[in-house]
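Protein chains: 2
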Amino acid sequence: MREVAVLGVGRTRVDEHWDKSLRELAGDAILSAFHDAGIPGVQGIYAGNMMSGSANHQQHLGAYLADWVGLRLAEGLRVESACSSGAAAFRAALLAVASGELDTAVAVGVEKMTDSPSQEITAELATAADADWEADQGVSFVAINALVMQRYMYEYGWEHKHFAPFSINAHANGAKNPYARFQSPIDERAYLKAPLVASPINVMDASPMGDGAAAVILVPADNLHSNNGVPVVRVAASAAATDAIAVHGRKDPLWLRAAEQSSQKAYRQAGITPHEIDLFELHDAFTIMAALSLEACGFAERGEGPRLALDGEILPGGRIPVATMGGLKARGHPVGATGMYQIVEVVEQLRHRAGPAQIEGARIGMAQNIGGSGSNIITHILRSDS
Amino acid sequence: MREVAVLGVGRTRVDEHWDKSLRELAGDAILSAFHDAGIPGVQGIYAGNMMSGSANHQQHLGAYLADWVGLRLAEGLRVESACSSGAAAFRAALLAVASGELDTAVAVGVEKMTDSPSQEITAELATAADADWEADQGVSFVAINALVMQRYMYEYGWEHKHFAPFSINAHANGAKNPYARFQSPIDERAYLKAPLVASPINVMDASPMGDGAAAVILVPADNLHSNNGVPVVRVAASAAATDAIAVHGRKDPLWLRAAEQSSQKAYRQAGITPHEIDLFELHDAFTIMAALSLEACGFAERGEGPRLALDGEILPGGRIPVATMGGLKARGHPVGATGMYQIVEVVEQLRHRAGPAQIEGARIGMAQNIGGSGSNIITHILRSDS
Chain A
1 MREVAVLGVG RTRVDEHWDK SLRELAGDAI LSAFHDAGIP GVQGIYAGNM
51 MSGSANHQQH LGAYLADWVG LRLAEGLRVE SACSSGAAAF RAALLAVASG
101 ELDTAVAVGV EKMTDSPSQE ITAELATAAD ADWEADQGVS FVAINALVMQ
151 RYMYEYGWEH KHFAPFSINA HANGAKNPYA RFQSPIDERA YLKAPLVASP
201 INVMDASPMG DGAAAVILVP ADNLHSNNGV PVVRVAASAA ATDAIAVHGR
251 KDPLWLRAAE QSSQKAYRQA GITPHEIDLF ELHDAFTIMA ALSLEACGFA
301 ERGEGPRLAL DGEILPGGRI PVATMGGLKA RGHPVGATGM YQIVEVVEQL
351 RHRAGPAQIE GARIGMAQNI GGSGSNIITH ILRSDS
Chain B
1001 MREVAVLGVG RTRVDEHWDK SLRELAGDAI LSAFHDAGIP GVQGIYAGNM
1051 MSGSANHQQH LGAYLADWVG LRLAEGLRVE SACSSGAAAF RAALLAVASG
1101 ELDTAVAVGV EKMTDSPSQE ITAELATAAD ADWEADQGVS FVAINALVMQ
1151 RYMYEYGWEH KHFAPFSINA HANGAKNPYA RFQSPIDERA YLKAPLVASP
1201 INVMDASPMG DGAAAVILVP ADNLHSNNGV PVVRVAASAA ATDAIAVHGR
1251 KDPLWLRAAE QSSQKAYRQA GITPHEIDLF ELHDAFTIMA ALSLEACGFA
1301 ERGEGPRLAL DGEILPGGRI PVATMGGLKA RGHPVGATGM YQIVEVVEQL
1351 RHRAGPAQIE GARIGMAQNI GGSGSNIITH ILRSDS
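Chain order of the listed sequences is A and B.
Under the numbering used here, the first sequence has 366 at position 366, and the numbering climbs by one with no breaks.
Under the numbering used here, the second sequence has 1029 at position 29, and the numbering climbs by one with no breaks.
Simulated from the structure, these hints should not be mistaken for laboratory data.
Take these hints with a grain of salt, some might be off.
Which stretches of chain B does chain A cover? Using the computed rule of at least three CB atoms under 8 Å from a CB of chain A, they are [stated by the list, open to error]:
hint, segment
1, 1004-1011
2, 1079-1092
3, 1236-1245
4, 1251-1265
The C-beta atom is built at its ideal place from N, Cα and C for all residues, glycine as well.
Using the sequences provided together with the hints, build the complete structure.
Structural data, given as structure tokens:
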């Protein structure tokens, strides 16, 4: 397959976008990516979205968005894998271009959650879990993560306060990102005093919902050169893996096997080891997921994720900076769009266009998007020429 | 890209499957395809489904089904393009294998509609249309098609009774298919006397909802040979195109531009003309759609679709047999599964395993799956060695 590069990116701020419809939100991101790429359109649209059918009474986003951005007759498809729908759309678009089936494609992640009342959103999010054996028993998505976090603290002896650095780092980085939902730093006191959601998860452990869209234009990498000092960003690896959809179906609920599998595949494809990665946009939907991701991807030993954070190694100057533009926690988590925000942020870091959030000398970045409570994990590695 | 062939197929009968859950239904089709192919599993699952989020409170079918059929760690993805979700899943699986990304994949279409009350299903089906400009105005999916049919009859001078042969042919063929929802022939009197749904569409013009799943295993075509007289079936073409999602957004609401575009692309890929096609599994969700499809794909002149049917050319012995196993009308239309039923039926015809429904000497078959009211159309051509 041929090598693929990013020609342009676009995104809206993650926010409550009462003034925009689903198509306007996605359209803004797509048209801004067209503008950034300097092209009028593409041959195919791959839309990552989880809940527009219920939240916006609109499915069929492939045709819907192709129509809206003026690309009738183009190919249009929606891809869904719960919270990893964004990365799944990127991977589908990537495969279409890498295989030679299309010469240009846009991957867009979009979610407009505020059209739905929040109690309904909780039920809609639970459709990412096992309907028969999790959701129908009354366990919400945050509750599943709370059970995992309780067990993790019990097994490895950590206390709730030890997860604070994940949240503090995310909010500090979000404060430097004009597209972030929350742009204020928090301190440890704010973390510890936050209202409880499902013990031990409090509001500062959990990522917020929101409305947002992010898009990336993909083209073959041949003949692309750095332009005005902006380096070409190439896709070095793409890998996906699933695991048992219900947490109780896994032998070890504290180990993200699908993250290990997809990151190991990605490292092999890119020909690198984890310590060559300059930044890692991980899926910190909850602080516990940040810890588990770092362990499964080889950045920390089993049970030692919080240690890495407590040692400051996840900060912008640390060994493996994470959530560099705020992560799910502060940039926000518009579920089906999140994976595309991660990719856009990695691209901007590798192009050295991340502004105050810039990781100095960033050349290799990884984005990992998690669907369900660890059951569908998609890893991408991007690399810049510079 | 490398050539891809079908190694096995599986399906359930389209029915009201009160005794089976969503995963059991899909699992039955997948495991039966594994059995037919003689393999224990695959590297990736591509699930076509439209409404499991609302009808079954379960999204995330990639991980959900990979888990259920014993393929943890495999790649798993759901693909959605309304009523063409089945063909879209097939196309995604095809691209994964053709590109070399995977060596084995299963495409499965599944829909379990009877878990949802029928008035909710009507609202869920309307999410395939434009939420702002069609559904929110109170127009249901059948009503959109009724408006198109009214206009067609007005423009070209046909009467309702002239659409009878589409329905009669479908039911006659469904009677020969043990997997069909309806297995009784109908006559013209039954067609004319059927209760009205939305004028001029009556019950015999409209395809029934239902529960069902159909699956196909795809592998590279190299080294496959006919086995015990069953020829190898190869994928000769795959093409997708979109059009305005709202019917009023099209210059000519009586012309399926996306069908024309995707079928013309498919003919070029396969290197054939329409008259070389031995059977055509078209998307007869409504009799009017059968007529429009035949015209857009080059089997009839504009406005002359019903003539082809009245002349008997769509019958098993005719120039272009359609709905050979019952079509959407009699086999049934479990929306996200329909495109995969079409593919399975074409494969069975080309393998000469279609039993009493067999089209003699069938070597080239086409399947066309339509999402929305003509807004997302995916065409596949399959060819057997014999």
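I'd like to know which numbered hints this structure contradicts. Please list them from smallest to largest. 1
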